[in-house]
Amino acid sequence: MALIHTNRDLRVDLFRGVALWWIFIDHIPANWIAQFSLRNFALCDATEIFVLLAGYAAGLAYGRSMDRHGWVFAAADVIKRAWTLYIAHIFLFVVFSAQVSYSATALDRSEYLDEIHLDVLAEAPYRAMLEALKLSFQPAYLNILPMYVALLAWFAALLPLLRWPPVLFLLSMAIYAVARATGANFPSWTGGGWYFNPVAWQFLFIIGAILSYAPPRLHVPPRVLDAVSVAILAVGLVLLWVVWPYPEVEARVPAVATRMLVSVDKEGLHPMRLLSILALAWLTARVVPIDAAWLRSALARPFIVCGQHSLPVFCAGIFLSFLARLAMEEQDGWAVMAGVNLMGTFTLAGVGALAAWYKEKGRPVRPDLPDAAHAGNAQVT
Amino acid sequence: MLLAPPVLAALPAEPCPMSGDANGAASDLGHVAAILQGSKKLDVLAVGSATMFGPEASLAPGTVTSQVLGNGVAADTSKILTQQPSERAFPLQMAKNLRTLFPGIEVQVSVRGGRGLLATEMLDLLRKELTLKRYDLVIWQTGTVEAVRNMPPSEFGQTLTDGAQAVQESGGDLILVDPQFSRFLQTNSNLDPYFQALQQVSAMPGVVLFHRYDLMRGWANDGGIDLERTSRSDRQKAIEVLHACLGRHLARLVAASARS
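Protein chains in written order, with the numbering used here: chain G, 1 to 381; chain E, 1 to 260.
These are calculated hints, taken from the structure and not from any lab test. Certain hints may be false.
What the hints assert, rightly or not - Think about it this way: if two alpha-carbon atoms lie no more than 16 Å apart in a straight line, the pair counts; the simulated EDC-like pairs of lysine to aspartate or glutamate are:
| # | chain 1 | residue 1 | chain 2 | residue 2 |
| --- | --- | --- | --- | --- |
| 1 | E | Lys96 | E | Glu106 |
| 2 | G | Lys266 | E | Asp192 |
| 3 | E | Lys237 | E | Glu87 |
| 4 | E | Lys237 | G | Asp108 |
| 5 | E | Lys40 | E | Glu87 |
| 6 | E | Lys96 | E | Asp192 |
Unchecked claim - Partial list, derived from the structure: chain E residues whose beta carbon lies under 10 Å from chain G:
| # | residue |
| --- | --- |
| 7 | Leu132 |
| 8 | Arg183 |
| 9 | Arg235 |
Stated by the list, open to error - Label pairs and their calculated CB-CB ranges:
| # | chain 1 | residue 1 | chain 2 | residue 2 | range |
| --- | --- | --- | --- | --- | --- |
| 10 | E | Ser110 | G | Tyr246 | 35 to 43 Å |
| 11 | E | Asn190 | G | Arg163 | 37 to 45 Å |
| 12 | G | Leu133 | E | Glu87 | 22 to 30 Å |
| 13 | E | Lys128 | G | Val167 | 26 to 34 Å |
| 14 | E | Met204 | G | Ser263 | 16 to 24 Å |
| 15 | E | Pro17 | G | Glu250 | 25 to 33 Å |
| 16 | E | Gln158 | G | Leu237 | 31 to 39 Å |
Computed from a prediction, not measured in an experiment: that's the story for all the values here. Note that CB positions come from ideal geometry on N, CA and C, so glycine has one too.
Okay, chain E solo, but in the shape it has when bound:
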């Protein structure tokens, strides 16, 4: 199948250039800004699908946690396996970066969700978590599974709006994270309606969109980190680097809110 031995490309020296602020104004994270300026404790809840959890993505069965596969039984969020996120997962990397940027602040991150989860299931999970504890910042990564499964974008938009309202009522801020850049998804799925939904909801007060897709596309095109073009032996390392980069940029986004 291969025409020549695979080129073992070393990881790029500059994996994620800090280009201009691709994320726009972060002045909407008022609550988070207050906490950061007051140097108290930041409680973060991260909800997402496979890419939320870090490099150790598993191929083994049992890791797709979506309850849609049940036989018509309503989603039971207690049955969703809570994977343990890797230390290198980007929400935890963000926390690490924030602690460096704001010495003295305590950042605690709880990660929930799992591979293959739909936004509607994540919403149930989110609501349950918000009743258990008060969070200052919610990071919600979603959209990929909807695009792959061809779910109606209008329902996706509604789910996002409901989630944003739930977060607002609990007093926290929301950062939405869009899908990971993938040339395959770009070619074979219709991502635009889901991006539009994310964009629309991020216009609500207290909600910001972290443009992971655009960031990663820029990196891939500029010779930076590019998961699809990384050979097998380098992949684990590449995913770690990617998560570190995303964590840095996400922390930058949050930090910008404190300064504006």
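Same shape as in the complex, but just chain G:
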């Protein structure tokens, strides 16, 4: 039984799997291997990858469904997917809260609760439960899924506009501009707004959807876009490695530039972050052809299987990263750090494989038709 579906754009699955791995790695404090994750090399990280690819997959799957069966049919499927994510989020919230509060009590560390924003759960439990259900109480680590739920709900409403991509693009961009100008955000219980502002992030999601459903024709030679992308990523690298770590250098940068770049914020998807992820996506698509042989290699397979079943892998990753933190605090040292990273990675791949097995078992075996190159992506995860 083949656990991995190969009749789809495996690049999407691979990079989603890599993003999920980075999310696990990056959530472990003082993790040596985290210095090699994307956020140290570009002004974007796993979240941007995730949202762009989610939009990409959604545009393809639900756009196709809408073409065949109409808006209501497709939107109903989108809402159903959002509902599944919502339930997974609430389950993860309960499991994670139990994990953190048990650890805090057993190890006598109240700061676990304070730093993760779970102290308020002990203080006002009934209110906290209600706010969690309304998605306005998002402890640390639990802020991606609520944004994803909101983005899918928004996408369900906008589905028909996929047929007029310029209109959809402009509408989404206008809303993004409003979010950046006014700071409009969804309300959160303790007053700070959602950690990932869906009003801003929807723009990246919609761009992904348009790129898959109605890819725009290039009006400039690809080499020009190559150059622009490299330039954008170079600016990001310079900021990360040269300007920001050294205040003396930062003082020399012209004031106009520093004002613009003073906070390349993640909450509102700063334009530099948006441009960085788009540049990265462009260059990746240029460098990695859709039928690259290494996509089917043994090393790629764990990432692909994770990418194809991203929800259970994501939830497992959050749980495991906190567990890894506990292990590293209990016993410092390279052995433990290497151990938690390796065990965590294998466990994630195992979760992905298990999810794949569950999906495949009992299905009649069919050969994957090679020419429907994108049909497989219709099973959006």
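For this one, chain G is given, so just place chain E on it according to the hints.
Frame of chain G, contents of chain E only:
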């Protein structure tokens, strides 16, 4: 869950090396300097959240004092439980060190605040206290809760500025204390905007920033005191040592102002 029995690391022999002055010029504490040189009485008000109060941090409910959890009712500062600080809390340790450095001076410290308090609530508390009594030095520890709850940094900066002005109008000096170093916070929260706000406000006259975060990070990296890597049985002692170290360094900062 554990691969091996936990290593019961003894507390480091040199928990907080007195490295070079990480705190920069303290010449801004003019009022405090005058008092110290005149050997009179120093009245100190310390306002902060959980880490202000010392080793006996409690996990029990009822200790998070923030009124933001109320149901839309405006913060009532009289309802904020005033925890009693431990003798080993760093503001009191600072007082002890100052009495040693300046014999004959009387130092009195009042500690207010509580776990989970936001800067805006601390500002109300501060204003109320300043109307009740005249303080020479205010130590204000804030920033962590804002970072955890993702509050807008611009509002935080404004709150700090308002507080600094209130302290200035009452005739005292202000020392701001930034968050405690924590690898977890470093990885999972965006601390930079809040640090920038603290830095900006500390440029005002009569305001100095005590770089607790940088100090603790240096200690952790140099093999000194490191709370996140301390085993459970040693934690209480480690927090006491940390507060003692912070008190020493804070006293050094204040003393430097008197000599400059």
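For each hint, the structure was consulted:
Restraint check for Lys96 (chain E) and Glu106 (chain E): satisfied, since their Cα atoms lie roughly 10 Å apart, inside the 16 Å limit. Simply put, Lys266 (chain G) and Asp192 (chain E) have alpha-carbon atoms about 12 Å apart, close enough for the 16 Å limit, and the pair holds. For the proposed pair Lys237 (chain E) and Glu87 (chain E), the alpha carbon gap of about 14 Å is at most 16 Å, so the pair holds. With a C-alpha separation of about 13 Å, the suggested pairing of Lys237 (chain E) with Asp108 (chain G) holds against the 16 Å cut-off.
The hinted pair formed by Lys40 (chain E) and Glu87 (chain E) fails the criterion: a straight-line CA distance of about 23 Å is larger than 16 Å. For the given pair, Lys96 (chain E) sits about 33 Å from Asp192 (chain E) by alpha-carbon distance, which is inconsistent with the 16 Å threshold. At about 28 Å, the closest approach between the beta carbon of Leu132 (chain E) and any beta carbon in chain G exceeds 10 Å, and the interface hint on this residue is violated. The interface hint given for Arg183 (chain E) is met, as the beta carbon of that residue sits about 4 Å from the closest beta carbon of chain G, less than 10 Å.
Among the interface hints, the one on Arg235 (chain E) holds; its C-beta lies about 6 Å from the nearest C-beta in chain G, closer than the 10 Å criterion. For Ser110 (chain E) and Tyr246 (chain G), the Cβ-Cβ distance of about 41 Å falls inside the hinted range of 35 to 43 Å, so the restraint holds. For the pair Asn190 (chain E) and Arg163 (chain G), the beta carbons lie near 39 Å from each other, so the given range of 37 to 45 Å is met. Taking the beta carbon of each, Leu133 (chain G) and Glu87 (chain E) are about 44 Å apart, not inside 22 to 30 Å as hinted.
The hinted range of 26 to 34 Å is not satisfied by Lys128 (chain E) and Val167 (chain G), whose Cβ atoms lie roughly 55 Å apart. For the hinted restraint 16 to 24 Å between Met204 (chain E) and Ser263 (chain G), the CB-CB distance of approximately 22 Å keeps it satisfied. Between Pro17 (chain E) and Glu250 (chain G) the CB atoms are about 28 Å apart, so this pair conforms to the stated range of 25 to 33 Å. For Gln158 (chain E) and Leu237 (chain G), the hinted distance range of 31 to 39 Å is satisfied, since their beta carbons lie about 34 Å from each other.
When held up to the earlier numbered hints, the structure conflicts with 5, 6, 7, 12 and 13 and fits the remainder.
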